[in-house]
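S.K.: The primary structure of each chain is shown beneath.
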Amino acid sequence: MTKRVPPRTTVVVVGAGHSGLAVSQRLGAEGIDHVMLERGEVAHSWRTQRWDSLRLLTPGWMNRLPGLPEPVLGPADDDEFLTAAQVASLVTGYADTISAPVHENVGVERVSPTDDGYLVETSTGPWSAENVVLATGSVRGVTPALAADLPPGLPSVHAIDYRRPSQLPPGGVLVVGAAASGVQIAAELQASGRQVTLAVGEHVRAPRRYRGRDIFAWIDAAGVLDERWDEVEDVVRARRLSSFQLVGGTETLDLNTLQEAGVRVVGKLAGLREGTALFSGSLTNMAALADLKLNRLLNTIDETVGGTGERPEPTRVPAPVLSASLTSGEIRSVVWATGIKPDHSFLDADVFDHKGAIRHDGGVTGPAGLYVTGLPVLRRRRSTYIDGARADSADLVSHLTRRLADPTRRTAG
Amino acid sequence: MTETTVDNGVNVEALLGARAALQESPEAAKFTWRATNTWLKGTHSRSKVEGFFGLGEEQETGRSFESEGDHPPQFAAENQGPTPVESVLTALGGCLTAGVAAVAQQRGIQLNSVTATIEGDHDIRGILGADADVRNGFTGVRVNYSIDADASPEDIEALVAQSQKRSAVFDILTNPTAVEVSVS
Ligand SMILES: Cc1cc2nc3c(=O)[nH]c(=O)nc-3n(C[C@H](O)[C@H](O)[C@H](O)COP(=O)(O)OP(=O)(O)OC[C@H]3O[C@@H](n4cnc5c(N)ncnc54)[C@H](O)[C@@H]3O)c2cc1C
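Chains as they are written, first to last, in UniProt numbering: chain A, 1 to 413; chain Y, 1 to 184.
Just chain Y, with the same shape it has in the complex (with noise of 0.2 Å):
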């Protein structure tokens, strides 16, 4: 085998070591992943990520993320963050570019640049209620990844479908999931 040096900042064993724990204890495995959003003016709202519940208990790590949403002007809105659709895309960028990161480091793969443009089509006359018929969410996401790496084209093309095979974000935008809003 010839050595190789590839430095994507991903620690691979780690994440192979853990996926090899896993598989003897699934329980471990059941992670709950949690946000809370409070309304501040108008559109205008903030989020707020703290801990989460994972390997069997509360993860409480220190970490405390915020970041905001609200809509532009021409949504008769004060543009104070980036619309929720608009983070759904910067979600899938940021979940697909890990996995580019990670895939590429298990493969041996060195990235010396990764930069994707994400495209939601969006009919806003379903959200607007205008017209029954047209769905309130993404009538269809674009991806175009421009990637320079020590690589083939055709491993570059399979650093990205196999991303996509094992990415969260791009499954939750494919397939469907129950979701239940209540009130308390």
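Next up, chain A with everything else stripped away, as it sits in the complex (with noise of 0.2 Å):
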């Protein structure tokens, strides 16, 4: 039997979703030979991991990628919110323009530091590469361990699977969670006739409008976006932190505008106890955190532009429901709305915290030559989100070539 020496190339990036692209870019304008790993398509998640109806929250002019045209749209063009399956056909026309060297159907099931760099174990055959960028996304859906505790027989499904509301059976739905996924999904079913009971701990209320433009158009001018994950008070938190209550449009949707659709509001799901949802009687805190931190946000926005603008009516808190049966036929189905997360067990190296999670600063790993990106606050705020890509890219590379640059760098093993 003979041994095939891997292939090897200088960067294997993991992952072509748009973070993986726009590294990809950047890398072929420095001439720095790579390739990419996609266990599916191009934009992946995209096509497998979205509900039909979503649209990004962010507006069109948050699209920017590297080695594109700014889009037609400006900052002051506020109302244009891709479909998932326009984002989908976005990456990949991205990935066309730019001649993403991508191998599709191409799964990375192991990474492992080597003495000359990293061997990347594929479902196809393994990579040798000196440097690796690991850019798979947010693909895991949490769900917290009470999940266990769901009555036998009780459909559930993670947002990350949800798709309609058809999905569902007929009946009431307990959503958990009131970050943008579970306000989305809530308000989808409730028009779609379902009872919908939403569980809500800690959120980020924002209105979609404000003096007339778009949130995001503001946020952007006060310069929110744009601080450094070294800069950030409690870049812990930062990361952590939910998304933001929007939907894509002009409207609002919060708290409020749920409860005038019907949707029932309670308090964080705090345990499952025979057949029994118990909620947190903490949703009047939750409530005020929120209201707070809207207006520091909208007070950081006015002091930016001078003036004043109107602001939301406080969160309306409801009587406290502290239960709800999930037997007695109230609620026939669960949806978690409650996070997602990457999934990096692929990768065979020190680099984890007690929770499971990769250390790095901005990007950088502890081994040498191994990144990561496409993370929550990677480097700035604006890396949440797909316009985070252009200015982490160029960082991320920029390191990677001063690394290359040197004659006595180390590698990883």
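Hints should not be assumed to be uniformly reliable.
Said to hold, decoys possible - A partial selection of chain Y residues facing chain A, derived with a Cβ cut-off under 7 Å: (1) Pro26; (2) Ala28; (3) Ala29; (4) Gln164; (5) Ala168; (6) Thr174; (7) Asn175.
Hints are computed from structural coordinates only; laboratory data are not their basis.
Virtual Cβ for every residue (Gly too), placed ideally from N, Cα, C.
Reconstruct the complex from the two isolated chains, following the hints.
M.R.: Okay, structure coming up:
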């Protein structure tokens, strides 16, 4: 038997979403030899892990990618919000435009340090690379431990696997989590004729429009998105913060509008006992915290541009509901909108913290030549969005280029 | 930055240091608090707290505090101490106020006075077994703070909100906890 020598390249980029492609564009511009390995097709996440009605919550001008002409839409044109399918074709078109060296249907199964870099083992054979960039996205749905205590037979689905209302049985739905996914799915399910109960913990409220413009135009103008990861007061918290309660379009979607639509708003899901869901009595404080934070954001905007705008009405907190039966027929299914995480389990290196998250400083990990990108607040607040890939890829590729230029550089092993 | 000499008597540096240290060694963060309770007479009993477990070992710091519990004459009792439900209210107030002071210190806010009124609504048909649909515990708890501090009303509201977010007793009251009672 002959043992195949793995083909060698300077950089393997794992994952062909927009983040990996932006890195590829920069590497190409520097003339650095690389390959991209993608377990599915380009933009796999946008094809397989988004619900049908999803629109970006960021306006069209925030889809800038390196090497593409800036979208015709400028920050003044606020109201173009792409659907998931449109994002998939944007990203696929991007891969074509930059002629990204993507190998599709190649799942990366193990990345381990060697004497001269990394061995990248895949579903179709190994690669050897001096550097590895992990751009595998946040592809894993997170559910709280108490999900294990759901009554047997009660259908439940994570937002990452949710597609449309007809996927759920008729009748009441408990939606757990009130970040962007939770509020959007709750609104859609309520509109489909199901009584939705929305369990709300800590959340981030934002009006869709403020002082006549889209909120992101202001957040951008106020410099918030450019705040660096090493300047943010508490970066651990900033990275953990849930997404804005926003939906693409011109309408505000918050606990007030959801209640007007008939959604029953309750506290955080705190326990499941004998078929009963128990909700925290902390809803009043969660709403107060979100309102305070919202007003701080709007104050920041006002300070930047001068004057003041009309403030949203404080969150209306309904009379407390502390439990709901999951066996009486009142609630017939559960949607977990409790967050998504990266899956770096294929990485065989000592880079994880005690919670299993990859340790990195602005995308640069401990082992030489190992980078990660596409994570919330990776190098700036903008990193959380598609729009962050431009600057993040420039920073990481310039780090990598400097490293390659150093003849005394170390390798991983 | 402006020079601040805020002093609420909270050593925030030590608390932040502990937070940083415990993020890296979660085992040391596992504490067990302990109390004993001894029946005296009627509904009158005495509780005592001394050592606790934490930072990886038993902590015997020469602490010894006693408190008594009883019920008022309206419950045909001898009024030797607060009722246990009142002790829950004082625990909540103590926890939230400590939080207000700590958060204020961290945010550079000088406190001049802090007073809380804590009320628990209680339908006692539950504990009397008079109506099986009435729960034993509080039907609602209200806390009202009166705070004089060198800060805007909005900053003071944020202090109180943050204190609730970080409060152990607030969490204990608002979320279910598994309780196991055994006899040895
Ligand atoms: C519900 C939802 C809504 C969102 N809305 C917005 C929005 O409104 N605006 C916005 O700017 N951003 C939005 N985001 C997107 C977010 O910005 C991106 O998910 C994030 O920036 C990461 O992009 P990425 O390119 O790193 O990852 P992805 O686009 O997820 O790409 C990662 C790629 O890696 C591949 N991969 C994963 N593991 C492996 C492996 N082991 N081997 C090979 N390939 C692998 C995946 O198949 C995928 O193609 C949303 C995300 C979600 C989940």
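S.K.: Each hint should be assessed against the structure and marked as holding or not.
M.R.: Taking the hints in turn, this is what the structure says about them:
no.: 1; hint: Pro26; verdict: holds (6 Å)
no.: 2; hint: Ala28; verdict: violated (12 Å)
no.: 3; hint: Ala29; verdict: violated (11 Å)
no.: 4; hint: Gln164; verdict: holds (4 Å)
no.: 5; hint: Ala168; verdict: violated (13 Å)
no.: 6; hint: Thr174; verdict: holds (4 Å)
no.: 7; hint: Asn175; verdict: holds (4 Å)
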